[in-house]
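Participant: The two chains are supplied separately, each in an independent frame; assemble them into the complex guided by the hints.
These protein sequence lines map, in sequence, to chains A and B.
Each residue of the first sequence is one higher than the last, beginning at 1 in my numbering.
Each residue of the second sequence is one higher than the last, beginning at 1 in my numbering.
Worth flagging that the hints you see were computed from the coordinates, not collected in a lab.
Some hints could be false.
Cross-link-like lysine-lysine pairs, in silico, DSSO-like; alpha carbons within 27 Å at most [stated by the list, open to error]: (1) A:Lys121 <-> B:Lys42; (2) B:Lys226 <-> B:Lys117; (3) B:Lys117 <-> A:Lys100; (4) B:Lys42 <-> A:Lys118; (5) B:Lys281 <-> B:Lys345.
Everything numeric in this text was worked out from a predicted model, so none of it was measured.
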Amino acid sequence: MKLEAIPVVAVIAGEPPAGLSGNAPVLLREISARVCRLADAGETSAIDLLAMPLTASDLEWLREQLGTGEIVITLDADGESFLTETSFPGVWWVMHHNPKGGVLSAFIEIAPVPELAKAHKDDVRGGLERLQQLIFDLS
Amino acid sequence: MQGPLIESLARRGISRRNFSKYCATLASMMALPPLAGHAMEKALAATPAPSRRPSVIWLPFQECTGCTESITRSHSPTLESLIFESISLDYQETLMAAAGHQAEEALHAAMKANAGKYLVIVDGSIPLGLDGAYSCIGGRSNVDTLKEVAKDAAAIIAMGSCSAYGGLPKAHPNPTGAVAVSDIIKDKPIVNIPGCPPIPVVMTGVLAHFLTFGTLPELDQHGRPKSFYGETIHDRCYRRPFYDQGKFAKTFDDEGARNGWCLFELGCKGPVTYNSCATIKWNAGTSWPVESGHGCLGCSEPDFWDGGGFYRALSAPANPMQKISVALGAGAVVGLAAAAINRTKKSAAKTGHETTTLEDLEKSK
Chain A
1 MKLEAIPVVA
11 VIAGEPPAGL
21 SGNAPVLLRE
31 ISARVCRLAD
41 AGETSAIDLL
51 AMPLTASDLE
61 WLREQLGTGE
71 IVITLDADGE
81 SFLTETSFPG
91 VWWVMHHNPK
101 GGVLSAFIEI
111 APVPELAKAH
121 KDDVRGGLER
131 LQQLIFDLS
Chain B
1 MQGPLIESLA
11 RRGISRRNFS
21 KYCATLASMM
31 ALPPLAGHAM
41 EKALAATPAP
51 SRRPSVIWLP
61 FQECTGCTES
71 ITRSHSPTLE
81 SLIFESISLD
91 YQETLMAAAG
101 HQAEEALHAA
111 MKANAGKYLV
121 IVDGSIPLGL
131 DGAYSCIGGR
141 SNVDTLKEVA
151 KDAAAIIAMG
161 SCSAYGGLPK
171 AHPNPTGAVA
181 VSDIIKDKPI
191 VNIPGCPPIP
201 VVMTGVLAHF
211 LTFGTLPELD
221 QHGRPKSFYG
231 ETIHDRCYRR
241 PFYDQGKFAK
251 TFDDEGARNG
261 WCLFELGCKG
271 PVTYNSCATI
281 KWNAGTSWPV
291 ESGHGCLGCS
301 EPDFWDGGGF
311 YRALSAPANP
321 MQKISVALGA
331 GAVVGLAAAA
341 INRTKKSAAK
351 TGHETTTLED
361 LEKSK
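Chain B with its partners taken away, still in its complex shape (with noise of 0.2 Å):
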């Protein structure tokens, strides 16, 4: 493995062996086989320096800043300073120094001098109501900059559900006429990296992608990343033998709880949600939300807030978005019924449960 970028590594005190052990863990991430690990390596190492380092500009909409609070939570530093060292981040408001008119004139210049070859890094949806005006920074609506800056981008990376799909903003009632980004830009590939926020190493990953075979990766109908959006929570959840058994938690903190059985009747949504959550989970691994004993919201799929409930099983009927029009007579029987059962529900639970006291939580000290 000659070249530059393991050359530059080592200046750096970053070993070959240490770089073997990120490759490893990378395709470990990405799903790929311990033999694409060795691929990687090799393709990454053999990378030249460019002259110019890519150049990258990120731009927050109607967002929450979580998806950059996620990104700059790495774990570990040699990850993603591998990407942040190998790209110029032209323009980041969170993160840069500049501010007011240097920003602006910063995110002009990057556009002209690298015209048709930069990335754009969208975060945050884009409303459309009011002509746009529900959102703006530095006097301009989102939608006019979003259209001014992709003219000339070589490709578009979606951050977060917000970008990719409209996200919480375009919950029911939308009432900013919020918007995805594929929504407004037609002529561009674009890639969604949806999550609620996405898993940091995804966009790295991405970006890593990019870095190395000068492509995108190969992208699934809803434009994500096949290699961390190819399967399903429930497909690679450990505790999958516990669906297959047929043993369900029925309320948090039951027995079946406490025992880690499957929380499908406690309403996850692992089988339809497409993510790595299960294997690459959050926090440099600490856990994640079923491990952590709460059913997965979907949060990387289309429209998950009104997704029926983060509560109610699959199996569910879900849909009080809709307008069905019902009987009144049949209406009040279903609410009888259904106050009935939630009563039994509800005492059940009671019984179910047991009450941590101060002292027993002292004792587990």
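Same shape as in the complex, but just chain A (with noise of 0.2 Å):
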């Protein structure tokens, strides 16, 4: 029988466009499977996106791509920082940036909430001291 009986055709999907290096459709699978350990365990990680090999193409193929969801949160701290939740719950897009506007590093974060935007104990404790002596001094 000749190859060319054989009721099948192979589709190939050809190059990816200019610039994107093929290596950003792989990262989803990651981020999936880190987001099941999350919805079965409990279990917050995070990826530091500039220590991948992926092009600037890549990058904005995947901020494409996980789109965007209802939160941003700015932190202002030597630079601004974008906490951004992408349309996955619990999926975050961290960029850091420096005063000057340059990026600092990039993670998306795997977690209910990013650890950056959580209260420390003891920073609350402290904010708590400063509320007492505010009320005392308002009295």
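Facilitator: Dropping the structure here:
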């Protein structure tokens, strides 16, 4: 039987558009596995985006695929940082900038809420003292 | 995370979140996983405030001052000031206010007061020719100064390719007899931080490690911190997919180059060079040589100046420095063939080239 007689046609997807390296879709699978661990065991994790062999187009594509959710947290700490919820709950896109606006680091954090957004218990205690002092001063 | 460091940071207006951000970034730069950033945050924040800051002495020898320039061109004041506020830089000729006899006194006072505990940073190679007369400071040869200051040092950090390997002065024919620090000092721990110049955060990362853990980071066989020099440029290059797909730029500014293809054929030494340029990049993460379209020079490897040529591909045989006895006839044939190849290359480059006029540049504004 000739090869041509087999009624199966292979469709070659073709080369990815210019600039894309083909590494970004792989990362989506990694994110999926981590979200699974978050859902099953409550395990939080993070992926260092700048440590991956991704081009700028890859990062754009990834950002597009992940989309935007309902929350954007802006952190002003020696340059701005943006913690954006993607369209997938529990998946956050975290970008750290220096005062000049350059990118310091970028992570995808898989957690109910990013670590940076939480208030540390020592800071809460310190704030409580100041609040009590304020109440005392006003009374 | 309790501890004086986190409190002293708060007093300087640096919040805990700011510190977390810094640690996350530093961990990313040291090619450590995000979890390590959390661990570093805990460790650094818990560092007790020392009653006396560790003393650091900076010795400049046969250098171009590029290494000093590199470290002072830090982009984030927090990252670098954290280090320079945690040490006592007791001698640094470019940055210190003192000069002449006062400067020399400062050096000897710091050495005496911190005997056995001070860190020495060396940049520049040390010439041994003419008994070291090729480079002297205050009438003393560099080699004598190095031996004297190294005697009571805790450790020596060789900053830059010149002090780590000999660098440019050591390139053929090495007229001054330049050598590396490790060629002279044999009885002290030496950390090599090569690069021409090295990336600034590598320097501060090593100091941060010493300040946090009191030890030097893990070193490779060339004495380089593995966290920054553990992988080749090639392994982290964003153009690696193009290398894997066999898409190479043939000349500068051809179509392949404009599409950002691999620069292997244009002499990139990425595959044999260990450094962090591909991840940390330069000038506040702006760019790095390959991203700007030029192949890696291999500046953090020994003898890169004599490596055979910045524009010769790694796969091409390259040892013009070795004495090879070749029959005159064979030599002539090779010469003619090379000339013919070069002519075709040149005409190909000419046809592949697009001239840019002033109007084009104005248009792109």
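Participant: Flag every earlier hint the structure violates by its number, smallest first.
Facilitator: 3 and 5
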